[in-house]
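Asker: Chains as they are written, first to last, in the numbering used here: chain L, 308 to 665; chain E, -3 to 251.
You can trust all of the hints, since none of them are fake.
Below, computed lysine-lysine pairings styled on BS3-like, alpha-carbon distance capped at 27 Å:
hint, chain 1, residue 1, chain 2, residue 2
1, L, K329, E, K119
2, E, K191, E, K127
3, E, K119, E, K102
4, L, K636, E, K88
To be clear, the hints were calculated from the coordinates, so they are not data collected in a lab.
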Amino acid sequence: MQVIFRTSYDQDIDHLVDRGEKYRILAAIALALIAPLLVGSYLLSELAIFLVYILAGLGLMVLTGFSGQVSFGHAAFLGIGAYAHSIFLGYGIPFVVSLPMAGLLSGAIGAALGRAVSRMHGFYLAIATLAFAIVVETVIGEWEQVTGGHMGMQVPALSVFGLELGESWQQYYLILAVVIFFIWGVANLMRSPTGRAMVAVRDSEASARSLGLDTARTKILAFFISALITGVAGGLLAHLLFYLAPESFGVQDSLRLLLMIIVGGLGTITGAVFGAVFVTVLPNIIGVLKQILPDTVANAPGLEQLLFGAIIAGFIIFEPEGLYGRWRKLRLFFETYPYYKKSTFVRQKRYLKTERFR
Amino acid sequence: MSELIVENLNLSFGGIKAINDVSFTVEAGDIYAIIGPNGAGKSTIFNAISRIYTPDSGSIRYRGQELLERAAHQVVDLGIARTFQNIELFEKATVLENLLVGRSSKIRTNWISEFFFTRNVRKEERVHRRKTEEVLDLLNMQQYRYERVSDLAYGARKNVELARALCAEPEILLLDEPASGLNPEETTDMSFWLKDIKEELGVTIVMVEHDMSLVGRIADRCMALANGAVLAVGSVAEVQSDPHVQAAYLGQVAA
Ligand SMILES: Nc1ncnc2c1ncn2[C@@H]1O[C@H](COP(=O)(O)OP(=O)(O)OP(=O)(O)O)[C@@H](O)[C@H]1O
Ligand SMILES: [Mg+2]
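Throw the hints in and build the complete structure from the sequences for me.
Answerer: Pasting the structure below:
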């Protein structure tokens, strides 16, 4: 096990001081960079969708994982971003302006939602965000002149600075760059006052306020940043879908995003990545399951939703730290073998929180 | 000079009058103890000062500023920091991160520059880290720096909460039962630290505390409450020998 002796504050501040972690991340980036050489164009477009999911999950992670505000309707921001971007492109606005504009619009709507719900917690917040998503889906479906309604809407071709990016490897690199940019930015936020303010609001609002944090403002900002990132993900997703319909951004997609970050591991950026891996392979697992199960069960409506729900519940009960938490335990096990103690990760006795302020 | 002046404070929860016409004055540089049986309204006074609860009537002035005109997050700007009776830490964050949140009122960077982590953000971060370092040294808790709060024992958590409040560079500290749940050695340490904080940092301390030997050792003045009303104010010895106070405590024992 590596013990890091810190000799300056910069070592506390810098990213990736742990050498193993640094190499793993560099390796992941290198792999992502050479992927177009290794896989065919079909798999590459699947990989591009996977990257978009990482980005959308990162957006939700900012809100739910870091700030503790649950959202059952985040696919709405994916939809807002996708439609706004396509509509802007349709008006001839160039990609490099349209995508940020779509992100900002989504962020602004997110901030407005955040303002409306800034006093809500838990269950009420879940219902409010769910209702919001249903409203958005309905509006997209009804607003036919602009969105094409349920008939759908063709996404204009992807071109950057007059250069048409028709090949899947070109789109892949573009998306990869955007995803890395936002991961870097969010990692920066998390080592800054804003990120710590989010965590503070998540863990104890009373003391966050007594230390000078305007908790309502922090929540609204979290909604804004979160919706912005997910909106940008939506804009990118539009190019991979070619054709937009309101149903692509429904409740099930919101659930999938939530599933992703819970399974991946709430409260870490890596959790969003692990979660994206999981939801990408999940349909395959479900496909296999359907072949094994008897027909009546396999074709029963709602099987996938049931599985989603069961997996979310299972992780919340048995592994609240998610897949990333599992992985950290596994790593520590090998690093410290044979001295690994299970108790390292056993949570300390909880102190009663019921009488909080008394 | 009087620092904190509470006048005719009233606060009720539904039908229960938790604070009944309470007035008191804390002088600069004092350690002011608030004692009283369970449910007397001690914590409620703190929560009113830090604007978590809004009183029905009365006034709370700190250096001439009316606190009731401020929002909860604006109280610390005046130099008022606090701890909570049931420890309100950021559980999933490290001790260092907790202390850095204590610096919130001194933050001057905005989220956009933080997203890009500009040179100025780094410069500010270094300043905040240096400040938290001083506090870690003062309370002798360097070894906990990178520990997650959820992994710490109760006593250590109490200290982290005190340290976090100190990171706000307060001029007055409100401590809700700083020694409850601590073992005798930890309590002794706590009493030395509180004296240091008063004498070396010049911080005024208002503390709610049940441990009368700790109160006797360090408090300059003392106020006893029962059922939301003031029973006695004076030196610790005066308050302890006050017949009303003794009756209130005996009443509690009898009940
Ligand atoms: N949020 C609340 N809602 C309703 N009643 C409350 C609330 N907070 C406090 N009370 C009531 O107000 C009264 C004073 O409570 P407070 O917590 O101030 O007592 P305390 O003196 O701090 O007692 P302890 O020594 O047990 O901490 C009690 O009767 C309590 O039940
Ligand atoms: Mg109390």
